[in-house]
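For the record, the sequence lines run as chains A, B, C and D.
First residue of the first sequence? That's 1 in our numbering, and the numbers climb one at a time after it.
First residue of the second sequence? That's 1001 in our numbering, and the numbers climb one at a time after it.
First residue of the third sequence? That's 2001 in our numbering, and the numbers climb one at a time after it.
First residue of the fourth sequence? That's 3001 in our numbering, and the numbers climb one at a time after it.
If you're looking for bench data, these hints aren't it; they were derived computationally from the structure.
Check before you lean on any hint, since a few could be wrong.
Subject to a maximum C-alpha distance of 16 Å in a straight line, what follows is the list of computed EDC-like cross-link-like pairs (lysine to aspartate or glutamate) [claimed, not checked]:
no. : chain 1 : residue 1 : chain 2 : residue 2
1   : B       : Lys-1321  : A       : Glu-279
2   : A       : Lys-321   : B       : Glu-1020
3   : B       : Lys-1253  : B       : Asp-1185
4   : B       : Lys-1189  : B       : Glu-1046
5   : B       : Lys-1321  : B       : Asp-1164
Which residues of chain D face chain C? A few of them, derived with a C-beta cut under 8 Å, are [said to hold, decoys possible]:
no. : residue
6   : Arg-3006
7   : Asp-3016
8   : Leu-3017
9   : His-3018
10  : Gly-3019
11  : Ala-3021
12  : Gln-3050
13  : Glu-3169
14  : His-3171
15  : Arg-3199
16  : Ile-3213
17  : Gly-3216
18  : Ile-3217
19  : Pro-3218
20  : Pro-3340
21  : Ser-3344
Note that this is a predicted model, so its numbers are computed, not measured.
Every residue gets a Cβ at the ideal spot worked out from N, C-alpha and C, and that includes glycine.
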Amino acid sequence: MPQVTLVEAVNMALTRAMSEDAGVVVLGEDVGVDGGVFRATLGLLERFGPQRVIDTPLAEQLITGMAIGMAVEGLKPVAEIQFSGFAYICIDQVLNHAGRMRHRTQGRLSCPMVLRTPCGAGIHPPEHHSESPDAMFAHVPGIRVVYPSSPRRAYGLLLAAIRDPDPVVFLEPTRLYRLFKEEVDDDAKALTLDTCFTLREGSDITLVAWGAMVHDTLQAAQRLEQEGVFAEVIDVATLRPLDMDTILASVAKTGRCVIVTEAARSGSFAAEIAANLAEHGLLSLFAPIARVAAYDVVVPLSRLENVYLPDTERILAAVRKCLAFG
Amino acid sequence: MPQVTLVEAVNMALTRAMSEDAGVVVLGEDVGVDGGVFRATLGLLERFGPQRVIDTPLAEQLITGMAIGMAVEGLKPVAEIQFSGFAYICIDQVLNHAGRMRHRTQGRLSCPMVLRTPCGAGIHPPEHHSESPDAMFAHVPGIRVVYPSSPRRAYGLLLAAIRDPDPVVFLEPTRLYRLFKEEVDDDAKALTLDTCFTLREGSDITLVAWGAMVHDTLQAAQRLEQEGVFAEVIDVATLRPLDMDTILASVAKTGRCVIVTEAARSGSFAAEIAANLAEHGLLSLFAPIARVAAYDVVVPLSRLENVYLPDTERILAAVRKCLAFG
Amino acid sequence: MAIVGRFEIESRQYLDLHGRALEPVPAAAREPQLLVGLYRQMVLARSFDQKMLALQRTGQLGTFASGVGKEALDIGVGSAMQRDDVLLPTYRETTLQLARGVSMLELLLYWGGDERGSDFAVPRGDFPVCITIAAHCCHAVGVAYAIKLRQQARVAVCVLGDGGTSKGEFHEALNGAGTWRLPLVFVVANNQWAISVPRKVQSAAATLAQKGIAAGIPSIQVDGNDLIAVREVALEAMARARSGGGPTLVEALTYRLSDHTTADDATRYRNADEVAEAWQREPIGRLRNYLLELGAWNKAEEEALLKSCNEQVQAAAQAYLDHPAPSPAQMFDHLHAALPAAWSAQREAAMARKTADAAGHAG
Amino acid sequence: MAIVGRFEIESRQYLDLHGRALEPVPAAAREPQLLVGLYRQMVLARSFDQKMLALQRTGQLGTFASGVGKEALDIGVGSAMQRDDVLLPTYRETTLQLARGVSMLELLLYWGGDERGSDFAVPRGDFPVCITIAAHCCHAVGVAYAIKLRQQARVAVCVLGDGGTSKGEFHEALNGAGTWRLPLVFVVANNQWAISVPRKVQSAAATLAQKGIAAGIPSIQVDGNDLIAVREVALEAMARARSGGGPTLVEALTYRLSDHTTADDATRYRNADEVAEAWQREPIGRLRNYLLELGAWNKAEEEALLKSCNEQVQAAAQAYLDHPAPSPAQMFDHLHAALPAAWSAQREAAMARKTADAAGHAG
Ligand SMILES: Cc1ncc(C[n+]2csc(CCOP(=O)(O)OP(=O)(O)O)c2C)c(N)n1
Ligand SMILES: Cc1ncc(C[n+]2csc(CCOP(=O)(O)OP(=O)(O)O)c2C)c(N)n1
Ligand SMILES: [Mg+2]
Ligand SMILES: [Mg+2]
């Protein structure tokens, strides 16, 4: 089994999906000969030709809208938005059209498309390249929002997203694209959507994260273990629909919960999880639910990016406060 | 003092702001001779002329983007987006530009604009006219999000929004536009932004709402009073930045909280409030925090709109469950 | 100094205001019985449009956007399409949807506020009404791309209004269609108004057809109230598209004789004279005159037609009013192919709310 | 059938590849000392560009978008602007920003990842770099509207790339500018590539200038590597705008001699021959030849200039490296005019994090 990075796993899943279904097409800016600015689509052009690997004009509304048209007409488009900062413009088409086509026509038409975009901060790029629009997409009815945090889950979840008969927004943690490798078997096996993954079992506290912050959260859990604290770590993986059962069961066991997101705090998706706990898990809680998030400011240019982003230290501080409570 | 509807109060505030500051301009689709499809800009064209009351081409990105340019150049634009379903396309410009101009230039440039749009469901219009994008805007750094729920607050908050030196998204509850009248003194007095309004004091439970749902929530509180239950009703009014102090103080008193929103439940702004309570008010709570919200589905066409929307009955059911707890 | 680009916009018209041929009509319009058939469709469509307005006024239908005055445009385009082509309409193409085979009952259900109205029995591949202006232009690019990829001889037809030409999505779509030479025909139904905004406030461009020059695609203007001209121009564009020649932009000149929708009052912003003058150019009388002159139509046939239209329309309205109310399940059962477990409790809760909550026909 | 629109796109060039005048240069370019001044700016800009690339390679600067090869375009446009005009640049207009008076230190700070770099001492009214392609086209409409409303004789200048012409916002802006006849000049810096996507994949339009026809505004093409031609066309467009004649679209033809940014490797997708050929057309040598031929410039002056440029650029780089690191407060203190109470605890928390967390110059 090859050791691959997350972006290579994305590439493997795309290659696999295009091989097994001639209806799968890939479109976006620079996805062809350049193989995508992060190389997620590397080699697809040579293998599947320019009809199925489509360099589009520079136009995100077109990319999203034409993916919708293709999907309605029976293809399985996988559209790439080059950076998450340019994905906000796509909310309109995703919300007003992709997520509604099936409902609007009562099942006559459907929209099996995937909108992929790198997501999150941490690689010190220019402005607009570090955004976290996850909470906005997660509020859109009729779609799924998936956000893997390891090469293996990227492979399995992307395959599942492409095969899903409905639209999926697939957010890829830019910071993890090349951060580490994992053995990924190119076995065409999709993972299950709509379910959280418990990455580490523990009895003392539940740590919930998604995307790149899963990495920092796991590091925090390791540090805690050295101190004799056993943290359960849950990777949300599918933000919409949210698998609260797994999170509730964990908190029922641990009684404490810290939710970690790299998005700006107010209105982040961490709120949705905390709200559900306050609604359905209140009696299990021994301590207030803490959210570790980025500040409610504009993502700064690179010099201050490290100060802006939550990190292991901030997670640990929140955990300690939570453990010390009551 | 005249008895006016909410939309008339908006009109009064616009007229007042344009009279007192020659830099205030109004722009949007049909805001001129037609006076806006809801008549919010009625009479402005006659009074202030076509240079300051601008019928734009049919282009929401242009409307938002040009408002940004005007604001940076020193005007005070008040842009209208005709219906909230067409405001999603504006998130991009609001987030990537309006909310960043001051930060990006470290104060050299600023963006004192208002983006107004009718918001919410309940008037049985065609598709896309009943959306609630409040949670998405409330997640955007660098802006304020204001959502009045009565003629008087619409007048005072809109004046405050226009005078504010930074960008404000101003959501107007379509359903309340003409639902009732209130005495509004055209006294040029702005209300305070960034603060919740406690509309009704009570000791048994805190009901939190904003926009049109404030109306139904007040009705629920009235019904409860007849049953001897005293509900405190808080109108959030400014969603970003959120005045949690007022809400926390209320819940500290009542120990119970129901949050009401007409947006689809998952990822709605109700989550942000519940999360803050779970973080900072956990010890006050005698019962789980309940969210009353629309279902996580596409806003249906008019025949099912009433079933989709939360109403007084659903609020009462949640309150009763909350009161019965523990 | 050199000239590196030269462009012309042609405009096409065959019938004058009185239905007299200005030049020999094209071959495709020489068969009177074909024209009579199209004429019948136009009259039925107007009859249906009037019924919709009446139902709305009496609280039995939701907000409705009348298409009165653009019957030549809709039927001209519709008659140039083939069955398995794909239409992407706005809310003002009710007549064109009828021409495609959508039933009156379905259209009534839709405008009555019920999603079942967009589950057309025929044509299964056409798009539902697009309310968000110009969003469907991008969808049309995707549809046409899929058609081309699979080497089918089908065409996507996307209709939008004069106001719609100001939206960025229209331009992104035009440009994409040009780049890939897609089988796609854009029809701009220029009815001179976008709610209260007149055509000249919408753009400084002398014609809307010239917007296609920006994307390097063939562009033409046509008298949209002249059935023969619309059909001819549409047939040409469809043939080009079908044979690999790529997209066309057609600007069809017409006039919005009605209010914008039933929620609008056009007397607030436009002149009665202008409307009266526009009635002189309306398409049905013009074609009728031509057919009468040709001897292909007579008064008795006209009366019989009006009677039959009235009956069809009444029957459809009755079927609509008799249609069972939608169930709350409708909100959930086609949200996804299968309802995710996370929402099943919500579905139950909605079902528990009295179905009587479903609003009446007025929406 | 009638022709209802006719359009031409003109292209302008004065100097050939070798710097020989193809036709008499315009009056505004007849003063050699003026041209020498502009030549000096071009050379300085290239020198600065090279320094930026060097700093980036050595980990002392963030991702940088080189403007090598478009110095004539930037200086031509910059020299046609007046001090209180407003520039709305993309990330590739570093040279034009220099021409406007932005300091090298500010530009270094910006590309080093520090917002203070966009707090220009001069010109206070210019926009910061716009990274989201074509979004600033709409801002430019607002700026020009404000200028016109206040009856000022100022002009907004919005620069975008060939790729940018595919974005809807560009078209919405063009159309708006046309509708209100705004004092606004759009300059499309057509460098033939949008990252890996060549000009012909971007649009089927023969020229990008013709996109202005869609909005009914005067549109012209120019050799963007010919300083005299760019300046002349820009002066004409600015004069029209300043005198109430409305907007112009200028397509300036140039070539991206560098990688897209320092994060890109253009050899992956384009031919070395094409690049070598493009170097033949680069603007600095061309203008130098013209000035040498004219006797307005000599080898000694050239050497002195290069030395002086080098010194200026070194000094700026040193000032940049010596500049104190940003404080976390920078994230909060200009978020709003006054920080809302809701965020004050967050500010304190950020300040408490070690300032040492601020990344080094590499960002
Ligand atoms: C994106 C968007 N913005 C605004 C509206 C509101 N609106 C509905 S119809 C209309 C005018 C459309 O004019 P035009 O394109 O000329 O079509 P017509 O109604 O004349 O057929 C407007 C502004 C909308 N539906 N979609
Ligand atoms: C809206 C948006 N989409 C995508 C990008 C990513 N991106 C940055 S530059 C670029 C190509 C721009 O090409 P062009 O407009 O020709 O300008 P050039 O870089 O050649 O100067 C792309 C796709 C972006 N910055 N903004
Ligand atoms: Mg119209
Ligand atoms: Mg380019």
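query: Which numbered hints are broken by the structure, listed smallest first?
result: 2, 3, 4, 5, 7, 8, 9, 10, 11, 12, 15, 19, 20, 21
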